[in-house]
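Protein chains: 2
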Amino acid sequence: MTGSLVAGVDIGGTKAAALVVDEAGETRGRAVEPMAGRSATGIEPIVAAVRAALEAAGAGDGDLGAIGVGVPGRIDSVAGTVSLATNLGWHELPLARLIRNEFGVPCGVANDVGLAASGLIGHEIVRGARSLAYVAVGTGIGAGLVLDGRLHQGDRGLAGEIGHAIADPDGAVCRCGQRGCVETVASGPFIARRAAAALAAALATGTPPDAHPLLTSGPPITAKTVYEAAAAGDTIALAIAHEAGRTLAHAIEALMLTCDLELVLLGGGVAGAGPPFLEPITAELDRARSASALVALMIPPGSVRVLPEQFDAVARGGVALARRLIRTDPPNPLHGDTEEEVVARASWT
Amino acid sequence: MTGSLVAGVDIGGTKAAALVVDEAGETRGRAVEPMAGRSATGIEPIVAAVRAALEAAGAGDGDLGAIGVGVPGRIDSVAGTVSLATNLGWHELPLARLIRNEFGVPCGVANDVGLAASGLIGHEIVRGARSLAYVAVGTGIGAGLVLDGRLHQGDRGLAGEIGHAIADPDGAVCRCGQRGCVETVASGPFIARRAAAALAAALATGTPPDAHPLLTSGPPITAKTVYEAAAAGDTIALAIAHEAGRTLAHAIEALMLTCDLELVLLGGGVAGAGPPFLEPITAELDRARSASALVALMIPPGSVRVLPEQFDAVARGGVALARRLIRTDPPNPLHGDTEEEVVARASWT
Numbered sequence: 006m007t008g009s010l011v012a013g014v015d016i017g018g019t020k021a022a023a024l025v026v027d028e029a030g031e032t033r034g035r036a037v038e039p040m041a042g043r044s045a046t047g048i049e050p051i052v053a054a055v056r057a058a059l060e061a062a063g064a065g066d067g068d069l070g071a072i073g074v075g076v077p078g079r080i081d082s083v084a085g086t087v088s089l090a091t092n093l094g095w096h097e098l099p100l101a102r103l104i105r106n107e108f109g110v111p112c113g114v115a116n117d118v119g120l121a122a123s124g125l126i127g128h129e130i131v132r133g134a135r136s137l138a139y140v141a142v143g144t145g146i147g148a149g150l151v152l153d154g155r156l157h158q159g160d161r162g163l164a165g166e167i168g169h170a171i172a173d174p175d176g177a178v179c180r181c182g183q184r185g186c187v188e189t190v191a192s193g194p195f196i197a198r199r200a201a202a203a204l205a206a207a208l209a210t211g212t213p214p215d216a217h218p219l220l221t222s223g224p225p226i227t228a229k230t231v232y233e234a235a236a237a238g239d240t241i242a243l244a245i246a247h248e249a250g251r252t253l254a255h256a257i258e259a260l261m262l263t264c265d266l267e268l269v270l271l272g273g274g275v276a277g278a279g280p281p282f283l284e285p286i287t288a289e290l291d292r293a294r295s296a297s298a299l300v301a302l303m304i305p306p307g308s309v310r311v312l313p314e315q316f317d318a319v320a321r322g323g324v325a326l327a328r329r330l331i332r333t334d335p336p337n338p339l340h341g342d343t344e345e346e347v348v349a350r351a352s353w354t
Numbered sequence: 006m007t008g009s010l011v012a013g014v015d016i017g018g019t020k021a022a023a024l025v026v027d028e029a030g031e032t033r034g035r036a037v038e039p040m041a042g043r044s045a046t047g048i049e050p051i052v053a054a055v056r057a058a059l060e061a062a063g064a065g066d067g068d069l070g071a072i073g074v075g076v077p078g079r080i081d082s083v084a085g086t087v088s089l090a091t092n093l094g095w096h097e098l099p100l101a102r103l104i105r106n107e108f109g110v111p112c113g114v115a116n117d118v119g120l121a122a123s124g125l126i127g128h129e130i131v132r133g134a135r136s137l138a139y140v141a142v143g144t145g146i147g148a149g150l151v152l153d154g155r156l157h158q159g160d161r162g163l164a165g166e167i168g169h170a171i172a173d174p175d176g177a178v179c180r181c182g183q184r185g186c187v188e189t190v191a192s193g194p195f196i197a198r199r200a201a202a203a204l205a206a207a208l209a210t211g212t213p214p215d216a217h218p219l220l221t222s223g224p225p226i227t228a229k230t231v232y233e234a235a236a237a238g239d240t241i242a243l244a245i246a247h248e249a250g251r252t253l254a255h256a257i258e259a260l261m262l263t264c265d266l267e268l269v270l271l272g273g274g275v276a277g278a279g280p281p282f283l284e285p286i287t288a289e290l291d292r293a294r295s296a297s298a299l300v301a302l303m304i305p306p307g308s309v310r311v312l313p314e315q316f317d318a319v320a321r322g323g324v325a326l327a328r329r330l331i332r333t334d335p336p337n338p339l340h341g342d343t344e345e346e347v348v349a350r351a352s353w354t
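Chains as they are written, first to last, in our numbering: chain G, 6 to 354; chain B, 6 to 354.
One should not assume that every hint holds.
Unchecked claim - Derived, one-sided and incomplete: chain G residues facing chain B with beta-carbon distance under 10 Å:
1) L150
2) A164
3) C179
4) E267
Said to hold, decoys possible - Simulated coverage check for chain B against chain G, where a stretch passes if three residues somewhere in it have a Cβ under 8 Å from a Cβ of chain G:
5) 148-157
6) 160-174
7) 262-271
8) 292-303
As the list claims (entries may be wrong) - Under 8 Å between C-beta atoms, here's a sample of chain G residues computed to sit facing chain B:
9) H157
10) A296
11) V300
Think of the hints as simulated: they come from the structure by calculation, not from any bench. We put the beta carbon where it would ideally sit given N, CA and C, even for glycine.
Isolated chain G, as found in the complex:
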């Protein structure tokens, strides 16, 4: 017998975040586990996060009905296999089966940003929108696209790779190998790297360290510390945040001009910085709207927003996927259903 709670899991390069939700849609528990130190199959942090979220909900394995998991990679949603997730070192990993075996409940696996975008459709936060992009800005930058109410996965299941469009042909070398991708200006690791380089250059020209207290003291520079320093008025951090925002604005503009969407919703670790992250994006979009009637028409004010920090669109998408698994479960032998087929039917295709 399975329970009435469902879990949604957001797997990232650095952490697995789980959300446990009850039948009424109320969040009952949350937990985050670091992805570091995992084994080759790597599901320990996922299992630990789900169990910790269940515990936070005052519940246990027996209360769980289904699990939906979002992974930053290419997924075979019918088999529940992660076919490629470079940042996680996974290749042809049967993740759905491994998790199902652990908890004894149905598990669906999908690409993280696509799962987030699908899960947002119908949520009150999107106010009835039928076409939107969820843009994750974190270790990488990618978009999940819902067009005319349907998830658009593309010919190879790779639609939404906007982070590797070229922003500056003479820019830095990206982890993908190209020069000047959007990620080389606006992803978390590159924001940190650019700030560290700019700080080093400033110090080399004789700027006193106490001119940049938040960048020179304390922990190593990360995107988070850069945005905190920007919020406090640090000139180096403001310049880096401005460049990242301008580049993201151009990437969002290209996405909206190409797909003609109602909404773009920003999430992910870097977007969690809030106003210092959003302000330079909004400023650049405002400038573009003033210059161009086409941009004003296609990207009206309010059409590009940051999701609330605690929203976790990927884990919520996982919850929605888990609910669909429960609705179509148990397998019906009269219809010749196997569990794989039930999972496949409930997957986002």
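Given chain G, put chain B in place with the hints provided.
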């Protein structure tokens, strides 16, 4: 009584091109009329082009069964009204009705690049592809998108406006008002303007005029003369063609990474230059493939092609639309069909 021939019309900023095709799909006649000197409603060149193409086919008005028209603008496909076509000066023009009244046969009107993309699906030239973009490079730059076999028009019917994505934030001012749009580097008028400016700068520094014979002698510089000069080895023309190709390659790459398509097919006046147009695009895409496994996977060799010069994808899309009008014509009063409804049913939605 109506005839068995159908006409497809490609309306551009400078000319209307008509194609007359028989029931077997054979092209029977072609004609082109300049759009200059037309009246406010502007349909004279369209009517003249269709009549001239019929004459070239050895036929007349009575042999015509239906007409499909592609217009560079925003179309209400249900009413057959051009709601906005800035380059043509049209606003709320009931184009389908005007043409229908002239020829007494059904007429459908659609956005030109969308019509071209739709018409390409199923054609042998796309070898069974179900997702593709038709990218027109001419006076402007825009894409028609077919995703999973269906035309994607977007929330406002404006999807595919890739020509106004930002290629160079510090670039020239575009006719849309923004700075550095893709069109400011790679559209016909800007290619001509950049070549003229580069030539003037070279002559000002003492370069003899006969170092650039094709650019300094003969007719005013156009994109066509620039590509002819590039093909002949002119250094200024080669540099301009290289920059245009690199910028187009980045725009195509962004489109493929975003939508994950099988094919991109290039058409339009500038693309008609052939190899000197395509070579710098291919060179840049090859460079990106060598650098990035993701690009190599998502934009494999052969996935970006130029359509043959005589192909005219927009007029062919018009022919396909006209055929659909014939298949659903005459209106069936038992079903309460009006002619508008028949046209609407046959439109690309």
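Tell me the numbers of any earlier hints that the structure contravenes, in ascending order. Going through the list in order, the structure violates no hint and respects every one.
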